[in-house]
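A.B. asks: Chain by chain, the residues:
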Amino acid sequence: GEKVEQHESTLSVREGDSAVINCTYTDTASSYFPWYKQEAGKGLHFVIDIRSNVDRKQSQRLIVLLDKKAKRFSLHITATQPEDSAIYFCAADSGGSNYKLTFGKGTLLTVTP
Amino acid sequence: NAGVIQTPRHKVTGKGQEATLWCEPISGHSAVFWYRQTIVQGLEFLTYFRNQAPIDDSGMPKERFSAQMPNQSHSTLKIQSTQPQDSAVYLCASSLGGAGSDYTFGSGTRLLVI
Chain A
1 GEKVEQHEST LSVREGDSAV INCTYTDTAS SYFPWYKQEA GKGLHFVIDI
51 RSNVDRKQSQ RLIVLLDKKA KRFSLHITAT QPEDSAIYFC AADSGGSNYK
101 LTFGKGTLLT VTP
Chain B
114 NAGVIQTPRH KVTGKGQEAT LWCEPISGHS AVFWYRQTIV QGLEFLTYFR
164 NQAPIDDSGM PKERFSAQMP NQSHSTLKIQ STQPQDSAVY LCASSLGGAG
214 SDYTFGSGTR LLVI
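Protein chains in written order, with the numbering used here: chain A, 1 to 113; chain B, 114 to 227.
Please keep in mind that the hints were generated in silico from the structure rather than gathered at the bench. These figures come from a predicted structure and were not determined experimentally. It cannot be assumed that every hint is accurate.
[To be verified] Once the Cα atoms are required to be at most 27 Å apart in a straight line, the calculated BS3-like pairs of lysine-lysine come out as: (1) 105/A to 71/A; (2) 42/A to 69/A; (3) 57/A to 105/A; (4) 42/A to 124/B; (5) 3/A to 128/B; (6) 57/A to 3/A; (7) 105/A to 69/A; (8) 175/B to 191/B; (9) 57/A to 128/B; (10) 128/B to 175/B; (11) 3/A to 68/A; (12) 3/A to 105/A; (13) 57/A to 68/A; (14) 69/A to 3/A; (15) 69/A to 175/B; (16) 37/A to 124/B; (17) 105/A to 191/B; (18) 191/B to 42/A; (19) 71/A to 57/A; (20) 3/A to 71/A; (21) 57/A to 37/A.
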């Protein structure tokens, strides 16, 4: 089955700098790659996604890049703010008609003022 | 829209007892997913339903875990003979169910087995 590896377990940046979180996946059939944010004591909250028919997507300060050849995708947070501090999870679907997501282990992002 | 509702928020059970966790998905969402979250293992998929039918239970420990979705408004995850290693946050999520539909997660049930 699909395996998703999230490369940074922790990441610390200064406010205003950019943060980049990298993930790789194994299943070539995967076509949907969402990102979720989890703040302390709360459930996961969807932030942005990318589908395999594009290689870049931007939503305000969030940019997702997808490299299908390398089976790699990344989340870029520009102009970081303290409220961006949270755990970020990448995920990949299984392709086909199975809609379950496989998650990475999460990256704890800390933005210091 | 109250989002995905999970009850209880916290549950403490003694080793060997049964625990039942409840999930109310968002109205109109046809897919319901259960995950278990721990520090060590991260988010582990357990099972999912689409239009109330079980689709994939490949993550369920077969002997003591079971899940049901008797109607479109709720799903239950039952753990029999709970063990300390079952302690985790159990997360339920729902989605519209099509390919590439994002999940909406509940706040989770924190289960502690003592």
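A.B. asks: Compare the structure with each hint and give your call.
C.D. replies: Against the structure, the hints come out as follows:
The hinted pair formed by residue 105/A and residue 71/A meets the criterion: a straight-line CA distance of about 17 Å does not exceed 27 Å. For the suggested pair residue 42/A and residue 69/A, the alpha carbons sit about 35 Å apart, so the restraint of at most 27 Å is broken. About 23 Å separates the Cα atoms of residue 57/A and residue 105/A, which keeps this hinted pair within 27 Å; it holds. Under the criterion of a C-alpha separation no larger than 27 Å, the hint pairing residue 42/A with residue 124/B is consistent with the structure, at around 16 Å.
Under the criterion of a C-alpha separation no larger than 27 Å, the hint pairing residue 3/A with residue 128/B is inconsistent with the structure, at around 32 Å. Distance hint between residue 57/A and residue 3/A is fulfilled; the C-alpha atoms sit about 23 Å from each other, no more than 27 Å. Between residue 105/A and residue 69/A the alpha-carbon distance is near 22 Å, which keeps this suggested pair within the 27 Å criterion. About 11 Å separates the Cα atoms of residue 175/B and residue 191/B, which keeps this hinted pair within 27 Å; it holds.
Annotation: proposed proximity of residue 57/A to residue 128/B is violated, straight-line Cα distance about 48 Å (limit 27 Å). Straight-line distance between C-alpha atoms of residue 128/B and residue 175/B comes to about 18 Å, which keeps the hinted pair within the 27 Å bound. Taken as a hint, the residue 3/A and residue 68/A pair is honoured in the structure, with Cα atoms around 15 Å apart against an allowance of 27 Å. Distance check on the hinted pair: residue 3/A and residue 105/A sit about 11 Å apart at the alpha-carbon level, within 27 Å; holds.
For the suggested pair residue 57/A and residue 68/A, the alpha carbons sit about 14 Å apart, so the restraint of at most 27 Å is met. For a cut-off of 27 Å, the pair hint linking residue 69/A to residue 3/A stands: about 16 Å separates their Cα positions. Restraint check for residue 69/A and residue 175/B: the C-alpha separation of about 36 Å exceeds 27 Å, so the hint is violated. At most 27 Å may separate the alpha-carbon atoms for a hinted pair to count; residue 37/A and residue 124/B meet this at roughly 24 Å.
Between residue 105/A and residue 191/B the CA atoms are separated by roughly 25 Å; this keeps the pair inside 27 Å, and the hint holds. Simply put, residue 191/B and residue 42/A have alpha-carbon atoms about 22 Å apart, close enough for the 27 Å limit, and the pair holds. Distance restraint check for residue 71/A and residue 57/A: the Cα-Cα separation of roughly 16 Å lies within the 27 Å cut-off, and the hinted pair is therefore satisfied. At most 27 Å may separate the alpha-carbon atoms for a hinted pair to count; residue 3/A and residue 71/A meet this at roughly 11 Å.
A threshold of 27 Å between alpha carbons decides the hint, and for residue 57/A with residue 37/A the separation of about 17 Å falls inside it, so the pair holds.
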